[in-house]
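K.L.:
Residue-level listing of the chains:
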Amino acid sequence: MSYQAQLESQFPDAGLQWSDFRDNHRVVVPAARLAEILTTLKQTHGFDQLAEITAVDYLEYEDSTDRFGVVYVLVNCSTGERLIVKAFVNDPDPTLPSMYPLWKSADWLEREVFDMFGIHFEGHPDPRRILMPDEFTAFPLRKDYPLKGRGERHNFPVITRSES
Amino acid sequence: MAVNDVPDNVFMTTLDAAANWCRSNSLWPMPFATACCGIELMATASSRFDLARFGAEVMRFSPRQCDLMIVAGRVVMKMMPVLQRIWLQMPEPKWCISMGACASTGGVFDTYAVVQGVDRFIPVDLYVPGCPPRPEQLIAGIMELQSKVMKTGTINGREFIKRTAATGPTPFDADELIRIREANELLPILN
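For the protein sequence lines, the chains are Z and S, in the order given.
Okay, so the first sequence: first residue is 144 according to this note's numbering, each after it adds one.
Okay, so the second sequence: first residue is 8 according to this note's numbering, each after it adds one.
Only chain Z is shown next, with the shape it has when bound in the complex (with noise of 0.2 Å):
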């Protein structure tokens, strides 16, 4: 039996939604489901490895009713299996609950989710900026941000050269 029939006899009114795209097993699941879904998917169905979360912001695509969609890629070591595993939160405060307790390696994907997007990660150990510097306050990745930036790049002191 695979673990996408046991998940939908375990989960038969979370409405899991599987698609395949070449060899691309995917799942979009509901937000406040994932974190049974996910601790399922690693204690039962040996995906042992979390190899990767980032995230879409669906800001004014065709067809979105959800502003990010947040992406989770496992892989099951044994059998080399992968499965992507999505969900979508939306403004304001988008949050979701931390995956460090199943995967130490949620750790810094989880932060730099958060430094791109500003999406929460509800129970991390250590929810700081990873990429941009601390005092940065907008997350890049949004697609209501400009690509040139509010003017960051040009908040430094000017040093000439008699000063220096």
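Take every hint as true, because none was put in to throw you off.
Computed list of lysine-lysine pairs in PhoX-like fashion (alpha-carbon distance at most 25 Å, straight line):
1. 85/S <-> 291/Z
2. 286/Z <-> 85/S
3. 169/S <-> 158/S
4. 229/Z <-> 185/Z
By construction, these hints were calculated from the structure, which means they are not laboratory data.
Model the placement of chain S on the given structure of chain Z, informed by the hints.
P.N.:
For chain S alone, kept in the frame of chain Z given last:
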């Protein structure tokens, strides 16, 4: 002693010229290499192109032992305070070469995180164009800097005191102001 009595192996010169001759032929570069220009900088210092021919081969990774900063590569906004601090730690007299398109203007990286030319925030003496410049081009730049030191240098650095304005454009050019206004009004994304 009359001038006629000076033997052939004695030269008359000024202290400025003597200091300039010494300084220009023993530049000690600080390699601030952050991107692909840094690879060309390494090639310049290696045996094929041999920067040692011009007396500038001693790359020191401590700013306190250097007098020529070569900014090779793009500088992001998180790196800019580091660059300024390293520049301030270098002892006088010191010069700065902005090597390549990214260090000079930001290059193709016109994005929120990349500083659009280091000359906006630290003084730059010489720009080397190219993406990345060939080692010959960097050597030409260093020779140009040597002749600049020879022509304008003074023993106590008087020529630096006059440079009270920033080398680069003012941080807010017209385009930037337009972009900031657009951003503040939260205009829809320009597709």
